[in-house]
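Enquirer: Using UniProt numbering, the first residue of the sequence shown is number 1, and each one after it goes up by one.
One thing to keep in mind: the hints can contain errors.
Cross-link-like lysine to aspartate or glutamate pairs, in silico, DMTMM-like; alpha carbons within 20 Å at most [what the hints assert, rightly or not]:
#1 Lys145 <-> Glu47
#2 Lys2 <-> Glu47
#3 Lys107 <-> Asp57
#4 Lys145 <-> Glu166
#5 Lys14 <-> Glu56
#6 Lys14 <-> Glu47
#7 Lys14 <-> Glu237
#8 Lys90 <-> Glu158
#9 Lys90 <-> Asp57
#10 Lys2 <-> Glu19
#11 Lys2 <-> Glu232
#12 Lys2 <-> Glu56
#13 Lys2 <-> Asp228
#14 Lys145 <-> Glu158
#15 Lys145 <-> Asp86
#16 Lys14 <-> Asp86
#17 Lys2 <-> Asp86
#18 Lys32 <-> Glu72
#19 Lys32 <-> Glu87
#20 Lys107 <-> Glu27
Source of the hints: derived by calculation from the structure; they are not laboratory data.
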Amino acid sequence: MKIAQIQSHVYSEKMENLEQLEVRLRELDGQKPDLVMLGEMFCCPYETSLFPSYAEDEGGPVWSRLSSLAREHSIYLAAGSVSERDEAGKVYNTAYVFDRDGRQIAKHRKVHMFDIQVEGGQHFRESETLTPGDACTVFDTEFGKIGLCICFDFRFPELARRMVLEGARLILVPAAFNMTTGPAHWELMFRSRAVDNQCFVAGTSCARDMQANYVAWGHTLLVSPWGDVIEEMGEEEGVIVNTIDLSYADKVRRELPLLSARREEVYG
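Take these sequences, add in the hints, and give me the full structure.
Expert: Next comes the structure, spelled out in structure tokens:
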């Protein structure tokens with residue numbers, strides 16, 4: 001399975017981000033990726049006050065463009081996350097996945113709200129404008145089952161473990177760590193989850209923009225079930241492309257049987 005992770009700049013004009021994506025996908029055509037992944041809120045500046053104004057219904061202009069691009073390039077498109085509004089007017093941080101025919105095959109609404117106050121560091125409250133989702137998301141592909149969550153969700157080991165118990169051998173995490181949490185926990189967290197769950201983990205961020213109100217850490221990365229960093233970017237715009245074999249997760253689980261050796265009666 002060839003996976004491409006796009007670390008893009010976020011423009012304030014929503015559809016300009018889709019135009020940028022279209023250029024990147026044309027550039028990737030020659031490498032024939034199976035799955036292309038984007039970052040969290042890749043077409044909306046990461047600011048709580050802006051999420052409602054950028055929000056669209058499922059099936060809106062952004063959704064439609066993403067579906068068309070997946071079909072045009074015959075890829076699985078894990079379209080980072082976008083601001084979604086439901087029929088009741090609630091706003092969510094939502095990740096859509098489209099198959100090679102442009103059909104939506106997965107949808108994850110961020111479950112855990114990023115509400116933090118780090119002394120001398122980052123302050124952010126997603127719950128000011130966003131509503132949490134309530135589902136664990138795993139979807140099927142020709143390569144096997146893949147899990148999906150968004151950024152702060154991945155800090156909760158219970159959710160990652162549930163995805164793996166439901167069959168995921170790769171977990172996709174569009175994310176936007178910042179200049180406080182990124183240096184401290186980004187690589188540490190992704191490697192820890194990969195080792196604990198013996199699965200591939202792909203964390204995709206948007207590029208760093210020092211002029212933005214919220215400055216992303218960047219450092220898009222891909223980690224193996226053994227905890228090795230297969231590739232990691234810096235803070236700049238770009239793309240990494242890697243070929244992985246999901247059966248390697250099965251090999252690691254056979255040789256170091258963490259999942260099958262669990263003692264749930266002890267854990268309570």
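Enquirer: Kindly indicate which numbered hints from before are broken by the structure, ordering the numbers from low to high.
Expert: 1, 2, 8, 10, 12, 15, 17, 19 and 20
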